[in-house]
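Could you build the full structure based on these sequences and the hints that come with them?
Residues 1 to 258 in our numbering are what the sequence shown spells out, letter by letter.
Be aware that a few hints might be false.
Unchecked claim - Derived Cβ-Cβ restraints for the label pairs, each shown as a range:
#1 N67 - D237: 19 to 27 Å
#2 E136 - A54: 50 to 58 Å
#3 N223 - K125: 19 to 27 Å
#4 N223 - K107: 28 to 36 Å
#5 Q152 - N209: 15 to 23 Å
#6 N67 - N209: 54 to 62 Å
#7 Q152 - N67: 50 to 58 Å
No lab work stands behind these hints: they were computed from the structure.
Small disclaimer: the values here were computed from a predicted structure and weren't measured.
Backbone N, C-alpha and C define an ideal beta-carbon position, used for all residues, glycine too.
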Amino acid sequence: MNLSAKPYRLTAAIIAIVLAAAAAIWVVNARGASPEDEADAAVRAAGFDADERAAIEALVRNYLLENPEILPEVVERLREKQAEEAMAGIQQDLFTPYPGAYLGNPKGTKVLVEFSDYACGFCRKSVEAVDELIAEDPDLKVVIREFPILSQGSVDAAKMALAAAHQGKYEEFHRAMYEIGKPTPENIEKAARQAGLDLAMAQKAAASNAVAAEIEANRAFANQLQFDGTPAWVTQDQMLQGAVGKAALSSALSGKGG
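Pasting the structure below:
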């Protein structure tokens, strides 16, 4: 068996197996296939037979056992690669907020996208972390993508939030809604009044096609990014899900990973 005769395919196969090992540790795979399946497919595509594959796997295994410190770097590269693939073709639109639906610096060059639901307790718990990030970085813009998935109240609150954006009071409503509690009809109206909205105008905007289209667009973004819960986060090169905390978000924004 002469592996040296296939240097380029050998390199590709080794990289595939290393990435598969990293994916197994990270326990995340954006396309839904198992790491082993991906490694098998990559090796078969490279034209190696069963004996050659066994030799490659032994080589990679021994190398990883002798150099386990490379795995965090491989995991991080895998995370970045999957984020790049998921965001292909949508990043500009994803990072552009619905007019007025943002927190922080509207002209900030550092962007954090948050998919949120006003009925989500973990989203509520994340408000403090986002506020601290904004306070510490005057260049940060947080683009909120209304992603109401938990209840009809979630939908109604999301529509009112976008209606508040029409009046330049998105942040006020956003904060009031999380402070007041569950998005019941009474609480939504209370948050709207606390934010200083013209209720008649807000109700009309909330029922508009523009607001409905924005929510559907956010659902499409979430589907492509394979987000099925809130909160979920996107930075320039990373995606995270859950109430990950300030440190993880700061690290993702800095490009250091988590």
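Legend entry - Contradicted hints - numbers only: none
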